[in-house]
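Colleague: What follows is the residue order along each chain.
Number of protein chains: 2
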Amino acid sequence: MRTIEWDDGVVKMIDQRKLPLEYAVVEFSDYREVAQAIREMCIRGAPAIGVAAAFGLALVARQSQATNREQLLADLEEAASVLRETRPTAVNLFWAIERMLDRARQVDSPEVEAIADALVAEAQLLADEDVEINKRLGAYGAELIADGDNILTHCNAGRLATVDYGTVLGVVRAAHEQGKRIHVWVDETRPRLQGARLTAWELMREGIPMTLIADNTAGHLMYTGQVDIVLFGADRVAANGDVANKIGSYKLAVLARENGIPCYSVSPTSTVDLSLAGGDDIPIEERDAREVTYIRDVPIAPEGVPVYNPAFDVTPHRYITGIVTENGIVYPPFEVNLRKAVGLRSQARFFRTARSRR
Amino acid sequence: MRTIEWDDGVVKMIDQRKLPLEYAVVEFSDYREVAQAIREMCIRGAPAIGVAAAFGLALVARQSQATNREQLLADLEEAASVLRETRPTAVNLFWAIERMLDRARQVDSPEVEAIADALVAEAQLLADEDVEINKRLGAYGAELIADGDNILTHCNAGRLATVDYGTVLGVVRAAHEQGKRIHVWVDETRPRLQGARLTAWELMREGIPMTLIADNTAGHLMYTGQVDIVLFGADRVAANGDVANKIGSYKLAVLARENGIPCYSVSPTSTVDLSLAGGDDIPIEERDAREVTYIRDVPIAPEGVPVYNPAFDVTPHRYITGIVTENGIVYPPFEVNLRKAVGLRSQARFFRTARSRR
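These protein sequences, in sequence, are chains F and C. The working numbering applies: residue 1101 is where the first sequence begins, and numbers increase by one. The working numbering applies: residue 1101 is where the second sequence begins, and numbers increase by one.
Hints are computed from structural coordinates only; laboratory data are not their basis. Incorrect hints may have been included.
One copy or any two copies: either way a pair holds, since identical chains are not told apart in the list.
Cross-link-like lysine to any residue pairs, in silico, SDA-like; alpha carbons within 25 Å at most [stated by the list, open to error]:
no., residue 1, residue 2
1, K1440, E1127
2, K1118, I1395
3, K1235, R1396
4, K1235, G1378
5, K1118, D1397
6, K1280, G1404
7, K1280, E1232
8, K1235, D1249
What you are looking at is a predicted structure, and each value in this text was computed from that prediction instead of being measured.
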């Protein structure tokens, strides 16, 4: 199954907290459960949580007791405010919520049922588009990968971070499908270990050669000439090309530049936030100390130790070689070129949304 | 007690595999047990494993069935070859073993008992010197620390990595004892978590303000202006000042330079290996995959995942601001100044060894 699916009024998702030890699918019929699943990282990854929020609003629309359009819109707004509070950094969450609310407002019918139908369809469309977008950016990104390349990646920007194909791992999959002999260095990605738990699991299942490393090992690999390209995702890209992504991405970009290795962020244009001039304005989520002090139920630090646990960092655009999007690879000057890539969003023919709304 | 002690023919050490969950002292009366304790990191840290090897040879001398000088020297050589095989990177191990063997050869008596007495005394001296050396380099290093400084450190270069006072944490202790208000960012230091387990434990016990972070967070802290100085230890320093230290140190030095933050290695001159021109010649230990894939007995990655687990990396000297030794802070050109600092070793009055041998 996909990372997240809509199944007859129920939202199903792979429980990413349990992988790789257990493959479990959870089902939610209340949007508050979806919000909690996002908060607790049962589902994570910028594109995936956007889709999860969209399906959450579809649940609201389907279940609302509203008898008229205004009541339903109010119910949706209320749910949207709960969903917006789940995680602050990935802009796809807010983007998807706005898109769903816009869709609700645009339905040309006073019928509650018609609006609900439109929202379920819109969330489905958003999920389907995500897969298509991943395949497009995968194809663009694969052009950057040469036969024999060693790719280093951080966290999980794979199918589990999206609906099905992946951003960074979309590029990796596309290169692999083209027959390029590649090998992926997988940062374990403390504290939540998305690399060790999720990226390793994805790559092993597909037989793509990979090696797991502690995050501390990445610099040594670059210095000793064992990395050809660094690829990581994005949770939010500012108008100037600064990239917020999983904590530790910044160091990879600095080390890559220091060692003459190209470093790309791979993400859909829905991750770009043109309202923010630079990365300093991106809100950085801080998460619970327990993510650092415990591994599952095993304590690994002294009881009561003070902890600082930001979930993301910002990589200034000067360290980013390019940003791989579904509309092509964006190179500096990002200020100009990101705007163009995002602009293509509403025109592009592959965006069925645009067509369906006309 | 000290990290390691000689007690009437028995070597006692704090079991660092169990900290911070359990404080346990283990006792060994066979040098092979000491070798295993080094290999399994029951004791670790470049200076501490040198002292452990010295006490291991003292055990051999005390227990040998040799009836003459030549037999005893042969027993010692055999044990030395076992001890040398325990860990390849920290040169202090080899340095301490050579010093013990030299001492044995120099004893001006054919009596086996006299040689054994001399070796027990030499190992004790080496341990006592280590404490004195730490206090000296602590005093030098403390001059680098200003009131209010945020210090970032990696791994454990504390009392647990030495006999009692610490190298990096010797500097921290000295600054704290001088009344400077300091705060230490402690990298957890995957995969073995020496920061989370040992450095946090040491600092919390002494009430020195500290905060634990995932290794991935260090760069973010530097970029956001929250680090004033980076201090890490050394397992081997080449003649040109290249520093081999715990995996992940290289990235800290690169990030520090990129952000205009001074980065010092803190270590005794016994860590300097003038026989190696540069860091590329330093042997880098690779350790078991299980260090990465398990936390205690909890698996954190897919079964059978390929792993690369180097225990150390090399930081080229161009990223190192200075090297804090017991003979002062060594600045570039390291090629010249390290040789001077090491040269002081044999002359310095505080080296009671030198005196006792005359």
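Colleague: Against each hint, give a clear statement of whether it holds in the structure.
Modeller: We went through each hint and held it up to the structure:
Taking the closest pair of Cα atoms, K1440 and E1127 never come within 25 Å of each other, the shortest separation being 39 Å inside a single copy and 69 Å across copies. With identical chains, the CA atoms of K1118 and I1395 are at most 25 Å apart both within one copy (12 Å) and between copies (16 Å). Within a single copy, K1235 and R1396 get their C-alpha atoms no closer than 34 Å, and across copies no closer than 40 Å, so neither meets the 25 Å cut-off. With identical chains, the CA atoms of K1235 and G1378 are never at most 25 Å apart, being 28 Å at best within one copy and 46 Å at best between copies.
In this assembly of identical chains, the alpha carbons of K1118 and D1397 lie at most 25 Å apart whether taken from the same copy (13 Å) or from different copies (16 Å). In this assembly of identical chains, the alpha carbons of K1280 and G1404 lie at most 25 Å apart only when taken from different copies (24 Å versus 49 Å within one copy). For the homomeric pair K1280 and E1232, the shortest alpha-carbon distance inside one copy (22 Å) is at most 25 Å, but the shortest distance between copies (58 Å) is not. In this assembly of identical chains, the alpha carbons of K1235 and D1249 lie at most 25 Å apart only when taken from the same copy (20 Å versus 49 Å across copies).
Figure legend: structure checked against the earlier numbered hints; hints not met, in rising order: 1, 3, 4.
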